[in-house]
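J.: Take the two lone chains, each set in its own frame, and fit them into one complex as the hints suggest.
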Amino acid sequence: MSRCLADRAIDHVVLERGEVAHTWRTERWDSLRLLTPNWQSRLPGFAYDGDNPDGYRTLPEVIDFIANYAKAIAAPVQTHTTVTSVGGSDGCYLVSTDRGDWRCRTVVLASGACNIASVPTFADRLPRSVVNVTAQEYRNPHNLPDGGVLVVGASSSGTQIAHEIHRSGRAVTLSVGEHIRAPRVYRGRDLEWWMDAAGVLDQRYDEIEDIARARRVPSLQLAGTPDRSTLDLNALTEIGVKIVGRFAGITESGSAQFAGSLRNMCALSDLKMGRLLDLIDAWARENGFDDVAEPPQRLPPTRVEGAPPLGMDLTAGEIKTIVWATGYRPDYSWLKVPVLDRKGLVRHDGGVVASPGMYLIGTQFLRRRKSSLIDGAADDARDLSDHLAAYLDGRLVRERA
Amino acid sequence: MADSDSSVDNGVNVEALIAAREALGKAPQAALFKWRAACEWKNGTHSNSTVEGFYGLGAEQQHKRTFSFDADHPEVFAAEDKGATPVEYVLVGLASCLTAGIAAVAQHRNIQLRSVTAVIEGDMDIQGILGIDEDVRNGFGGIKVTYKIDADAKPEDIEALVAQSQKRSAVYDIVTNPTNVTVVVN
Chain A
1 MSRCLADRAI
11 DHVVLERGEV
21 AHTWRTERWD
31 SLRLLTPNWQ
41 SRLPGFAYDG
51 DNPDGYRTLP
61 EVIDFIANYA
71 KAIAAPVQTH
81 TTVTSVGGSD
91 GCYLVSTDRG
101 DWRCRTVVLA
111 SGACNIASVP
121 TFADRLPRSV
131 VNVTAQEYRN
141 PHNLPDGGVL
151 VVGASSSGTQ
161 IAHEIHRSGR
171 AVTLSVGEHI
181 RAPRVYRGRD
191 LEWWMDAAGV
201 LDQRYDEIED
211 IARARRVPSL
221 QLAGTPDRST
231 LDLNALTEIG
241 VKIVGRFAGI
251 TESGSAQFAG
261 SLRNMCALSD
271 LKMGRLLDLI
281 DAWARENGFD
291 DVAEPPQRLP
301 PTRVEGAPPL
311 GMDLTAGEIK
321 TIVWATGYRP
331 DYSWLKVPVL
341 DRKGLVRHDG
351 GVVASPGMYL
361 IGTQFLRRRK
371 SSLIDGAADD
381 ARDLSDHLAA
391 YLDGRLVRER
401 A
Chain B
402 MADSDSSVDN
412 GVNVEALIAA
422 REALGKAPQA
432 ALFKWRAACE
442 WKNGTHSNST
452 VEGFYGLGAE
462 QQHKRTFSFD
472 ADHPEVFAAE
482 DKGATPVEYV
492 LVGLASCLTA
502 GIAAVAQHRN
512 IQLRSVTAVI
522 EGDMDIQGIL
532 GIDEDVRNGF
542 GGIKVTYKID
552 ADAKPEDIEA
562 LVAQSQKRSA
572 VYDIVTNPTN
582 VTVVVN
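Chains as they are written, first to last, in this note's numbering: chain A, 1 to 401; chain B, 402 to 587.
It is worth saying that the hints were derived from the structure and are not from the lab.
Heads up, some of the hints might be wrong.
Chain B side only, calculated, beta carbon under 10 Å to chain A, not exhaustive [as the list claims (entries may be wrong)]:
1) G543
2) E557
3) E560
4) A571
5) Y573
6) T577
In silico lysine-lysine, DSBU-like type, Cα no more than 30 Å apart, as pairs [as the list claims (entries may be wrong)]:
7) A:K320 with A:K242
8) B:K545 with B:K483
9) B:K427 with B:K568
10) B:K465 with B:K443
11) A:K343 with B:K427
12) A:K343 with B:K435
13) A:K242 with B:K435
14) B:K568 with A:K343
15) B:K555 with A:K272
16) B:K568 with B:K549
17) B:K427 with B:K465
18) A:K272 with A:K343
19) B:K443 with B:K483
20) B:K545 with B:K555
21) A:K272 with B:K568
22) A:K336 with B:K427
23) B:K549 with A:K272
24) B:K568 with B:K435
25) A:K272 with B:K483
26) B:K465 with B:K483
27) B:K568 with A:K242
Quick list of simulated restraints, FRET-style, between CB atoms [said to hold, decoys possible]:
28) B:V537 with A:R204: 49 to 57 Å
29) B:Y490 with A:R128: 38 to 46 Å
30) A:F122 with B:V584: 16 to 24 Å
31) A:T237 with B:A571: 55 to 63 Å
32) B:T518 with A:R329: 37 to 45 Å
33) A:G306 with B:P556: 18 to 26 Å
34) A:R8 with B:P556: 51 to 59 Å
35) A:T121 with B:A571: 20 to 28 Å
36) A:S253 with B:A432: 31 to 39 Å
37) A:G317 with B:A432: 41 to 49 Å
38) A:E19 with B:V584: 43 to 51 Å
39) B:R422 with A:N287: 42 to 50 Å
40) B:N414 with A:R8: 45 to 53 Å
Built from N, CA and C at the ideal position, the CB exists for glycine as well.
Same shape as in the complex, but just chain B (with noise of 0.2 Å):
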């Protein structure tokens, strides 16, 4: 187990995170994020979507780059697999928040990581998409995570990282409960 604060590194600027936690308490407004993505179709399925500029702390803000996503069904669905499918994109959503926050909650729990890796698996009956039986959903019938965690710490405490992380991340909350979606056009 990690002695001092200072032996511990995750990469995780835990200081920054709990100064921004204080400061935002008092200036709620501030906390009012926009998360955004455009979207380019390209032909057949695939389309390009891409990331740069969000909104947050009161102002617009930029990444440091454009960042590129190309989407498209696989030969299987008789497409070109220019890019992973959309449903996919979920999957590396839900994974990639839920593994930061095992990070962040390592790092302020004085936890050295030493690795930690995923896997992740979505089932989908496609007769729902398919439109062939309606009462079979579109979305994923369950989704399971499996990860493989090497850190200096116990198992109930290596337990508790990953129970936390569920608990504070964004895409697990979008997964698991209701958002309302609007789609307007033109």
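Okay, chain A solo, but in the shape it has when bound (with noise of 0.2 Å):
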């Protein structure tokens, strides 16, 4: 965003609490790599130009692309300034921070999505002998105590942390909610080049019949994983990993329990993993893939136990921790303007929100199916970016609330 204001001369700062790309220094897990291959980040005149394209990210790597693209475009960043509020209407707002306050015409809320990680309001009733962590305090295996671990939530981060703690030595149970179940690399090609080639990534908010239930959809239950291996739930259960439904609550004894649940879960993404694949094929057989690419395949269903457990007592000590990757909402406890709808989230027209001059980006198909990705600020910060000069040079037909 920062980049096509500065292209179009808008004057403009960008606040940041701690350094450029704060919180995948301070937030994520160690051994992270981006679930998008390297080719797939391309920010306005920067993108990959190593030599493993298909590879993915590590953290690090992360850190230092972001840091170097605001390098690049000389970004008129303010670091270690935090928002303490944002106040304000219509093309009169009022930043204030730690470290001062600003008043500006319009306001651009990048805070993200993932500021707080949500965690069900029974943990407050866990035994207090397991240790209880979240997918945004969790760094590596090591901190944690020897023993069982009991992973909850199977997307994205679930999964791989689930993976890295079980070889670690610790036996681990992963409880199983909703999930969007994916093949890694699909005929020969990574599964994001076939989303990005087949338009499902450009998809738009306004073409999806019910865009508040997608804009709720977990992470694709995908890794980066060096030797581009899937990493579902069969895969873990090979490695040892005890599926089980999903944490619906706590006993009064201490025992969790387990949705009877679990194998709908697995038939529901298995058939979601089908029909995206369908979508693939057809796409490719449409557009002269079928010669090139290796011919269609699917993977084999999930497998569930017969009789999967329902409980499982918590003060036996079996279980020493409990890490929570059961997902993100984000904190708009210094937004003082009135756009929070019922739930607590910011309402917008595809990040154009309800108080005219400020706008929204960075969260889950904000504008597209790839908006919550690096690659879909791009798009999405051009268009925006458009409305913001527009709105400045008057040029808006003004709605009346």
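T.: Listed below in structure tokens is the structure:
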């Protein structure tokens, strides 16, 4: 967004509470890799230029990429500046920080959707003997006590964390709710390549029947595995991870309750994956890829045991740690402009927020399916900076509230 | 495959459901329902329950008539078999909820159903309810539902109907997830 605004000579400042790429530096685990291949992170005027385009950036590489981009475009970033409130309305906003206040005609909210790790309310009834860690706090297995670990959540973070912890010699039980299974490589190419080529990532928010639901869909169950293997539930079962249903509650005696819906959760995920691959196959056929790509194939169904455990005594000592990989929500506690809906999310139309002159960027399916990817920033920033520039010029037709 | 909305008719008024979804999204208080039944002991393990009113859309509502349900235990339990057992009512609840869901999802997805039948079975070790073995639970060890569906659709689309029905089923949720039950007397 800064790059787009600079291109239009729109005077702006970027406020960052830490260093550039702060959350990458402080809120992610050590071995994290992006789940999108290196070639796919394309920022305006800045792309991957290394010799491993199909690889996946490590955490230090992501930090360097973002920090180098900020330097390359000479973004006007004020680091170590925490926003304490944003107030005002319609072209007259006051941004207060711990280093002084700013008056501005437009504000872009780029604080992302992953500020607070979501943890179910019953977590405060966990036995005190069990260590509690969120995916936001988790760094590596060696910081965890020895002994069994319950990982809750089987999307991208949960499966990667479960895999890493189990390989460290701590027996992992993985609690599985809704998840989006996908092969890492399909017909010889990265799944993200297909989703990009077939236009799936470019699907627009206003073309989707139920955009509110689409924005709540968990991340693809994909990992940036160096060997490009598929890290799905079958792969985890293979190395001895125990799969149980969604963590539904805790009894008074300190037992975890797992939902009896695991079989259907896995069936739903397999069916959804089938539909995505059918779509890719149809696109491949229509665009001449049937001759050059490997033939269509399907992963075997997710294996679910006959009677998965419905409970687990958390006081018995078998589980020493629980890792919550159950998603995130944004923190808008500093946002004093009345633009939040009843769920605490910003009301917006493709990033144009309900208060004139205010914009949102970098959240799930903001304008396109790729909006939450680094690769999605360019198109969203271009669209929203167009709108912002028109607003500043007074060229927008103002709607009465 | 059906090629237009009007040619598929499973008897589900999907337009009304979609309209309700939109309206209730804007007025969530109206979405708060209370379902009720009244139960009267007859004799032995025989009781009769009636369902006539419920609360929803901000007001008390009435069914078109009062529904009556006799429940009892079978003769092998040394009872009089004057009605299905309570656990069989739960199986009926689950099967009918899933079946209704299949019809609704099929209508929404323009799939013509020709026939949908299910057999549902819950296994139970009665050492639980008889208090013989405290490691055995009172309820079902597991429930299996087997559907036979004849519809104008590919096998994976039919599987998807059944999967989606479970995802949005009230009774499936009640059975697979914990629910608070409060019982008071006098």
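J.: Tell me the numbers of any earlier hints that the structure contravenes, in ascending order.
T.: Numbers 4, 13, 25, 31, 38, 39, in rising order.
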